[in-house]
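Just so you know, the sequences run in chain order A and B.
If you're matching positions, the first sequence starts at 125 in my numbering and goes up one per residue.
If you're matching positions, the second sequence starts at 125 in my numbering and goes up one per residue.
Hints are supplied without guarantee of correctness; some may be wrong.
Chain copies aren't distinguished; within one or between two, either way the pair holds.
No farther apart than 30 Å at their CA atoms in a straight line, the calculated lysine-lysine pairs in the DSS-like style are these [claimed, not checked]: (1) K329 x K345; (2) K328 x K345; (3) K415 x K329; (4) K282 x K415; (5) K328 x K415; (6) K415 x K345; (7) K285 x K329.
Read the hints as simulated data drawn from the structure, not as lab findings.
Number of protein chains: 2
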Amino acid sequence: MVGSSSDRVFIECVPNFSEGRRPEVVAEIVTAIASVEGVRILDYSSDAAHNRSVVTLIGPPGPVVEAAFRGIARARDLIDMRTHEGEHPRLGATDVVPFVPIAGATMSQCVELAVALGERVGRELEIPVYLYEEAATCPERRNLADIRRGEYEGLFEKITKPEWSPDFGPSVVHPTAGATVIGARLPLIAFNVNLTTSDLNVAKKIAQAVRASSGGLAYVKALDVLLNDRNVAQVSMNLVNYRRTPIPRVMEMVRREAARWGVGVLESELIGLVPLDAVLDAAAYYLQLPKLDRSQVIEAGLWE
Amino acid sequence: MVGSSSDRVFIECVPNFSEGRRPEVVAEIVTAIASVEGVRILDYSSDAAHNRSVVTLIGPPGPVVEAAFRGIARARDLIDMRTHEGEHPRLGATDVVPFVPIAGATMSQCVELAVALGERVGRELEIPVYLYEEAATCPERRNLADIRRGEYEGLFEKITKPEWSPDFGPSVVHPTAGATVIGARLPLIAFNVNLTTSDLNVAKKIAQAVRASSGGLAYVKALDVLLNDRNVAQVSMNLVNYRRTPIPRVMEMVRREAARWGVGVLESELIGLVPLDAVLDAAAYYLQLPKLDRSQVIEAGLWE
Chain A
125 MVGSSSDRVF
135 IECVPNFSEG
145 RRPEVVAEIV
155 TAIASVEGVR
165 ILDYSSDAAH
175 NRSVVTLIGP
185 PGPVVEAAFR
195 GIARARDLID
205 MRTHEGEHPR
215 LGATDVVPFV
225 PIAGATMSQC
235 VELAVALGER
245 VGRELEIPVY
255 LYEEAATCPE
265 RRNLADIRRG
275 EYEGLFEKIT
285 KPEWSPDFGP
295 SVVHPTAGAT
305 VIGARLPLIA
315 FNVNLTTSDL
325 NVAKKIAQAV
335 RASSGGLAYV
345 KALDVLLNDR
355 NVAQVSMNLV
365 NYRRTPIPRV
375 MEMVRREAAR
385 WGVGVLESEL
395 IGLVPLDAVL
405 DAAAYYLQLP
415 KLDRSQVIEA
425 GLWE
Chain B
125 MVGSSSDRVF
135 IECVPNFSEG
145 RRPEVVAEIV
155 TAIASVEGVR
165 ILDYSSDAAH
175 NRSVVTLIGP
185 PGPVVEAAFR
195 GIARARDLID
205 MRTHEGEHPR
215 LGATDVVPFV
225 PIAGATMSQC
235 VELAVALGER
245 VGRELEIPVY
255 LYEEAATCPE
265 RRNLADIRRG
275 EYEGLFEKIT
285 KPEWSPDFGP
295 SVVHPTAGAT
305 VIGARLPLIA
315 FNVNLTTSDL
325 NVAKKIAQAV
335 RASSGGLAYV
345 KALDVLLNDR
355 NVAQVSMNLV
365 NYRRTPIPRV
375 MEMVRREAAR
385 WGVGVLESEL
395 IGLVPLDAVL
405 DAAAYYLQLP
415 KLDRSQVIEA
425 GLWE
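The following block holds chain A by itself, in its conformation from the complex (with noise of 0.2 Å):
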């Protein structure tokens, strides 16, 4: 009865639909989704140029795998990918499906709901399932890009080779949806930090050192762009695992690089949603607070 005990779990799902341009299909893909009792849509967006969408949503882990099958399920029946063109890679109707954990929620907790949501789909919707990052049943299949190189066109050859036959459903494409890419993954977080000078050079060699790919922090992604409208460089990053790599230490290192070549931090920007942990450790890094526990904040109450 009384007492903050903090057992009940969200999950946030973001599934990726190859529609981006016939806003009605999106409306009816987000309504089917948003159908589900105790499901929160928190955001969703399209791309002409991409010809996709992105849906943000969360709850309880039994609604969010209900409304992600809605979702995947009507845009089974209302997308074709045999006419499907856009920008982005994509191999099906539902294009990929990752599993985020969040308040109270375990990765294995995620990786259990995209088995469970794989194995529905592959049976019920007759769709190919490929399992990706924390749910992968091979390294092979851990990278999204590794599972899409060849597209929807080139699935129809990729799928018949034994290293490429689905985790679950038919091991044919399905000729209207394709394939879909479910899994789990930790938040991404969208990081950029815009430095006192609008030399690119600048913002280049600080991504060089910050980025795992070339000696820098171990998941950290990084690039130099130039904002052209401000004339100002800017250090453009992905956090991919906020917990071994948080956003203070990725900031700290910024600032000590751009220091070398006598630039400072003009400002920075979150892109996006961020998860309340990755802030928590933000500020207790700067405030010496040896913790700073969710369970500390008032308004987590609220969901616990």
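Starting from the structure of chain A, add chain B where the hints point.
This is chain B only, laid out in the frame that chain A set:
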């Protein structure tokens, strides 16, 4: 149906009851509060020396007022001020009831709730009510200590003076329940900074520099404390308006003043609950984000 409108409002309420020695009585009061649908009890704790208990509850405005009323009614029946003893100053069985704006709520909404609850307590329970802080009806009643001066025992005479006529309810003390102080205030943040020294004199100098009463930051109260078990000097602070005097600005001033004496910060502590906005402000300050809004926090979607 879709989108992230944030029109759900949540209020925190922190009633203080003059009973801290009979757990079964405290349990009955807490049960009465928790019986209201939609209200969540975040915490409650009793202090035997103070003979006092503090309950922290949260919920939408209507349910929170109803829950506070039920707690006050139950305390009136179970606590007898004529025999109450304890170290903490107090006026009544339910001593003080602040409403605190959190997710989506404004201070003026909290003032309205305080007035509504005060009116009902005066009328239905026949307990005299004083409004304080942001809900005060005159400057002399803003400060809780001024209202409470003389305590329960002194109230029988004090209440007969025109300037201490209650805001609601009868102009006579309720024999067993005394009087109740109801109002609205911002969340208090208890923030301590431990220094890399055992010299209490340094903590004293820093406390003097940062606190409002000796010329420091407007909404900071500060004391020097020696943590005997660790031989560490501490600056112990209450931030009474974290919106106007945010945590990171206090932290940086403490760091700067400590450096003036050749001392560093060992660690800091946030005691008890803290509003999400205060944490977001700290992260934004140090990460140089122009703005970090709760709408960017994934989990905040759960209570919107």
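Hints versus structure:
1. Taking the closest pair of Cα atoms, K329 and K345 come within 30 Å of each other only inside a single copy of the chain (13 Å); across copies the shortest separation is 46 Å, beyond that limit.
2. Taking the shortest alpha-carbon separations for K328 and K345, only the intra-copy value of 12 Å comes in at or below 30 Å, while the best inter-copy value is 46 Å.
3. In the homo-oligomer, the alpha carbons of K415 and K329 lie at most 30 Å apart only across protomers (27 Å), although the nearest pairing inside one protomer, at 33 Å, exceeds that limit.
4. For a Cα distance limit of 30 Å, the shortest separation of K282 from K415 qualifies neither inside one copy, at 49 Å, nor across copies, at 47 Å.
5. For the homomeric pair K328 and K415, the shortest alpha-carbon distance between copies (26 Å) is at most 30 Å, but the shortest distance inside one copy (34 Å) is not.
6. Taking the closest pair of Cα atoms, K415 and K345 come within 30 Å of each other both inside a single copy (27 Å) and across two copies (23 Å).
7. In the homo-oligomer, the alpha carbons of K285 and K329 never lie at most 30 Å apart, since the shortest distance is 42 Å inside one protomer and 75 Å across protomers.
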